[in-house]
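So in my numbering, spot 1 of the sequence shown is number 664, and the numbers just go up one at a time.
Warning: the hint list may mix true and false statements.
[Unchecked claim] Quick list of the computed label-pair ranges, beta carbon to beta carbon:
1. D727 <-> P667: 29 to 37 Å
2. S692 <-> R779: 55 to 63 Å
3. R705 <-> G798: 25 to 33 Å
Treat the hints as calculated values from the structure; they're not laboratory data.
Positions of the beta carbon are idealized from the N, C-alpha and C atoms, including for glycine.
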Amino acid sequence: LECPFHGFRWAESGRCTLTPCEGRDTTISRRLDARPLPVRERAGLVWMWWGDPATASSEPPWFDGLAESPAGTTTTSHEWPLSCPRMMEAILDLHHFPFVHAPFARGAGPRLDPYRAVLDGDVIHVEGRLRTESGTGPSQDFRTRVRFPAVMLSETKVPVIVLGAPIDERRVWLHLRFYPRPGVSP
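From just these sequences and the hints, can you work out the full model?
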């Protein structure tokens, strides 16, 4: 692993093997060693497990039928000022959508009816329709699948996969990959 900013290098064991700013012949301090963590590559992303290595999954979570290649997708990343568990709560709460994401709600009302959440193995399936109180006018259907600890697929007009990675106890990094359908702009 090489740091793109300073060129420091680490072996798979976590041992720091190169510090260019100190010269190639320097004795590298063991204080620069890193704790190795289980890492996997999947879907054009590098997945790292922060927990006990004995509990790391052999394969990062993904969804059957969803292309793993980022080709033809639109991607964005940003940081949220909330914990990763709170982010997952927000993702599972479809009631917030017409208020927080009004520009994308296409005029759908705040009434969530019907609503269904089902646990199937390690996947939570959430489905619902946001509509006006009267039931007339525009509505928006949602179908979301969630795999813990922090992977979500929202299958709306433009499917989007959301991946969360905790930065610390109060911040989470979000990576969103949109899968535009023919004739639908991202």
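Each hint, compared with the structure:
1. D727 <-> P667: 29 to 37 Å: Roughly 34 Å apart at Cβ, these two residues keep to the hinted range, so it holds.
2. S692 <-> R779: 55 to 63 Å: Holds, at about 57 Å.
3. R705 <-> G798: 25 to 33 Å: violated (42 Å)
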